[in-house]
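Participant: One-letter residues, chain by chain:
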Amino acid sequence: MTAVAPHLDWQFQLLDLDRSHPTPTLVPPPPPVEPGETPAFRQLRSILTPDIASKVRSGAELLRHIANHERTEVLPTTIEAFDALLGGGLPRGKLVELASRRASGRFSIVMSTLAAATSIGEAAALIDLGDHFDPQIAEASGVDLRRLLWARPNTMKEAVMSAEMITATGFQLVVVDLGLHPLRGRRAPDAAWVRLARTAEAHGSAMLVSSPYPLTGTASAAVLKGIATHAKWLGKGNAPRLLEGIDSGLTLEKHRHLKAGARASVAFIADFAALSA
Amino acid sequence: MTRVACFFVPMFPLAARLRSEPDLLHEAVAIVEGNGNSAHIVAATRRARTKGIHAGLSLPQARTLLPKLIVRSRDAECERTAQEALFDVAETFSPRIEDASEGVVYVDVTGLERHYDSEQELARAAIDAAEKIGLPARIGIAASKLAARVAAELPKSPTIVEPGKESEFLAPLPLTRLSPQLDAAGTLHRWGIASIGDLARLPEAEVASRLGELGRDLHYAARGIDPRPLIPRPLPPDFREGMELEWPLVAIEPFLFIANAALDRLAQRMEMQGFACKRLELTMTLEPDGFSSRAIDLPAPTRDVKTMLTLLRLDIEKTPPGAPVIGFTIVAHPDRPRRAQLSLFGPAALSPEKLATAIARLVSLLGDGRVGMAMSVDGHLPERYAIGDYAPPPPPNTRQKPQKSGGLLAVRVFRPPIPVEVIMNGTDITSINGEGDLSGAVRVSSGPWRIESGWWSDAPAAREYWDVELERGGVYRVYQADPSTEWFVDARYD
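Chains A and B, in that order, are what the protein sequence lines are.
Going by the working numbering, the first sequence opens with residue 1, and the numbers climb by one from there.
Going by the working numbering, the second sequence opens with residue 1001, and the numbers climb by one from there.
Simulated from the structure, these hints should not be mistaken for laboratory data.
You may find that some hints are simply not true.
[Said to hold, decoys possible] Dumping the calculated BS3-like pairs for lysine-lysine here, alpha-carbon to alpha-carbon at most 25 Å:
1) K1051(B) <-> K1068(B)
2) K157(A) <-> K1306(B)
3) K1404(B) <-> K232(A)
4) K1354(B) <-> K157(A)
5) K1156(B) <-> K1132(B)
6) K1404(B) <-> K225(A)
7) K259(A) <-> K225(A)
8) K1318(B) <-> K157(A)
9) K1278(B) <-> K1318(B)
[As the list claims (entries may be wrong)] Covered by chain B, per the in silico footprint, the following chain A stretches (three or more residues, Cβ under 8 Å):
10) 108-114
11) 131-144
12) 160-167
13) 173-187
14) 241-252
For glycine and all other residues, C-beta sits at the position ideal for the given N, C-alpha and C.
Take the sequences, apply the hints, and build the full model.
Facilitator: Structure, rendered in structure tokens:
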């Protein structure tokens, strides 16, 4: 069998023996791989000096960076001793427990935390199992009530369910105050706290559980214990007395990244003038 | 040139019933009209039709042919809600729609060629949209309502009649397509006229002189001329779904099972229109007579079926209807869902849709007045508070530093205040006796601080407050109410 001449011509052309003919290509060359930048972004980068251009990120990268930064950052409660024990404040995406049976300023820390979050425009929620919240005192403490969602569950189960629901909505701070001893309703199972901690982690919410005794177990990233001391009074001897405030101590019982056992003292002032104002 | 689409649902009473009871879709089902021996079949599913069941048979005849035939009577509520659902589908294509009759809707689709490559594609999109809500619609598109309806009634769907070719399209079709209940059918048959084209070819004046006004209209129709314009219907103020039940329901669970499906359909319809539900109204028809109505205001517009169902359940549990339920109607009042502009550098704003759903669920879980925005109230009594709707303002566009609270001592308010016994020495409290931690000797007491409030009202309050610190720890706020002389602890400093 003999080969047909035109076919041979084409074969020679494919071998590129004659440079005058254009080389046929079966598959077009792939387009060059471009970084995920828009033309506008490339134009912006081109007009910048090289040292600045290398630091400029794409929009997507910038958003990722902001999200990662938010995950690792903390929410300062503005109570210096409390923040110092936690390494700067309440970690976002983690569950922190504050436990104390006696009056040790636990609710005052809750108020300060709510005030700190709402004053920077973040959405905060208070799950108030004991129904102890006083809007007048909260306002005097600096809480922006418009940004605070107040939920008043009747049982522990409702409190945990509400906290999970609220956290999943995207609130930046969720505070679960379980009130005083004895707790209302039956205790929540450990799995409920683990689930709550995972929800907080998934949504990057800072979560503070304020309870009369430790409940969250392994789910919490940090546990602080409040130590009560005597109240401070103005006036001595037979003179009438006036409550000046209370001093309390805080102990870091557990922390995933810091050494446990650190102590700090906090003073809270009974500012009746602020309340009446 | 005007283009009109006709949405036609064949065997509408059956289609409406199957939409409410989708489990019956593959069964031999027949819809009957009338009672007792006068009951006759008006529509039947394909499975029933293959066994010889057809419209016009009496119920005993149908039972003889197919003893296992599932029979449902015509349900006006089902048909009404199915018709409304058909409107909703039509309104997703054009705001100008006309309600023709049961299972027929005309839609002005003029100008939609910009959104769809062809009218064929538009019609297929309409069929798909109707199928999503459980209605098997046929679509016909033409320049007039009459031609569109005839096109929609043809078994092959969709049918598109080119502009100006209405008479050509109608000509080969039988006369019954123009009007099934034609009074002059006998006369025309005697003339030897079988198709629409035969009639169109007759002189108009001759037909009019023999058949009168009816003949003129019929001749116009046969030539594809339809002078009736499309009359758009106004937008309805609410969405309704309902059903008449085959047997009375006495338990809440079966009722909620059916209500869930109705709410699901409502949510779908509202989603198509871009609405969410702000208020739900439920009317239950009771046996033997009477109604039970209730209205539920949702904390924020939502389309979450689970939330709406939970709220319905709670309301029915709180106030049961008191008699078996044989029918119901759910009315959803629509509102625009809340929207928010998200910030790139400031704190993330909450999604209004998610927030509305979460609040509705919290209300259903915790009850009314147990969730919302805390509000301070003017007055002097320390326990005062108010709770309102939670609607946070948008967050700032940039990050800010938190404001220092100044370490203010907070109090835990006891609602209601706890009664205690108090032992005094002069103006000092020496010990209190109450439940749990509220007992013991007093280390320091401070008071009295007198508060008088509302002396002009029906419920005046005059109290004397003390701050007491117990030896065992804890600072409490104690008051004596005047004139009862009872003592209460109303707060703890914490």
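Participant: For every hint, state whether the structure bears it out.
Facilitator: Hints and how they fare:
no. : hint                  : result
1   : K1051(B) <-> K1068(B) : holds (11 Å)
2   : K157(A) <-> K1306(B)  : holds (20 Å)
3   : K1404(B) <-> K232(A)  : holds (22 Å)
4   : K1354(B) <-> K157(A)  : holds (22 Å)
5   : K1156(B) <-> K1132(B) : holds (20 Å)
6   : K1404(B) <-> K225(A)  : holds (23 Å)
7   : K259(A) <-> K225(A)   : holds (15 Å)
8   : K1318(B) <-> K157(A)  : holds (21 Å)
9   : K1278(B) <-> K1318(B) : holds (21 Å)
10  : 108-114               : holds (count 4)
11  : 131-144               : holds (count 12)
12  : 160-167               : holds (count 4)
13  : 173-187               : holds (count 4)
14  : 241-252               : holds (count 5)
Hint compliance for this structure: every hint is met.
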